[in-house]
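> Chains as they are written, first to last, in this note's numbering: chain A, 1 to 176; chain B, 1 to 118.
Take the hints with a grain of salt, since some may be wrong.
Stated by the list, open to error - Taking lysine-lysine pairs in the DSSO-like style, the calculated list, with each CA pair at most 30 Å apart, reads:
(1) A:Lys-33 / A:Lys-85
(2) B:Lys-111 / A:Lys-85
(3) B:Lys-83 / A:Lys-144
(4) B:Lys-38 / A:Lys-85
(5) B:Lys-38 / A:Lys-33
(6) B:Lys-34 / A:Lys-33
Keep in mind the hints are simulated off the structure, nothing from the lab.
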Amino acid sequence: MLPMFDGIDWLGVFFYILSAVIVVSALLVVFSKNIVHSVLWLVISFIAVAGIFITLNADFLALIQVMVYAGAICIMVVLGIMLIKRDDMNKTNMFNSQLYFGGAVALMVTFLTGFASYKINYSGNPPMVPENSVESIATLLLSKYVIPFEVVALLLTVTLVGAIYIAREVKADADS
Amino acid sequence: MLSVWGAVLIFLIVGVIFGVGGMLAGYILAPRRKSAQKSIAYECGVDTIGPTWVQFRTSYFLYALLFVIFDVEIIYLYPWAIKFQSLGLFAFVEMIIFLAILVVGLWYAWKEGAFEWT
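Bound-form chain A, shown alone (with noise of 0.2 Å):
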């Protein structure tokens, strides 16, 4: 390492980075005029959580935000947006009387959360995240939570078959 970099705590600079990134490009998917644009910078802000998530180690946790977030989500965003009908912003809701209501409420939320965020203890060393999670992950799924394991595969294929049935059925009703 160079010794002007000494120093330099590089995860602070490396959190400010990816924060800056992670508000930029949310506020860029509110207000891009294009929807499909917006899915873009959606996919932007999700890898700069990924990025959030290696700088605390989790290392599992990132790369499921980059495999299913910004994968598979995204992916799916963009196939919901092939079913919109109205291809100009204008003709969507988005010009209604609910300016005053909700701003009120985003409001609330941003006080409450920040509220919730003040209030929290920080002090106190917290215990060390281990390396390499994903093994430890891995032998306690397929040992000690071995039901709660085969029960998610069957929330998923319940998941699916629910979502395919209206998809269908809505298919169904267009084409008679």
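Fit chain B to the known structure of chain A by using the hints.
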């Protein structure tokens, strides 16, 4: 010494340079002669008829649903695959059961004609 995540960071930076660099080189090097013809929507070289924004069929969305389900499954497959050697036969059987339950869902999707284009 470089940590593991330092290597990931280098991969990320090189990946971004690779993607952005190509676009930037095109932006700098390519000649720009704008015309009305160039700004119309491109569709296999044939002029588009009607609006380019259309509503797609729900069949596309079913593929997305299936993809999401099997992508969530990776969350469980991945740690199993990392520790496969030391977990032994019992874990293998558990994973087979896990996959078998999910294949039931796939079978239902197939039965309902989610993969058919009628």
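> Is it true that the CA of Lys-34 (chain B) sits at most 30 Å from the CA of Lys-33 (chain A)?
OK: Lys-34 (chain B) and Lys-33 (chain A) at ~23 Å, within 30 Å.
> Given the hinted pair Lys-33 (chain A) and Lys-85 (chain A), is their Cα-Cα distance within 30 Å?
holds (16 Å)
> Checking one constraint from the list: CA of Lys-83 (chain B) to CA of Lys-144 (chain A), max 30 Å. Satisfied?
holds (15 Å)
> For the pair supplied as a hint, Lys-38 (chain B) and Lys-33 (chain A), confirm whether the alpha-carbon distance does not exceed 30 Å.
holds (22 Å)
> Does Lys-85 (chain A) lie within 30 Å of Lys-38 (chain B) when you go C-alpha to C-alpha?
holds (26 Å)
> Within a Cα-Cα threshold of 30 Å, do Lys-111 (chain B) and Lys-85 (chain A) meet the stated pairing?
OK: Lys-111 (chain B) and Lys-85 (chain A) at ~29 Å, within 30 Å.
In summary, the structure agrees with every hint in the numbered list given earlier.
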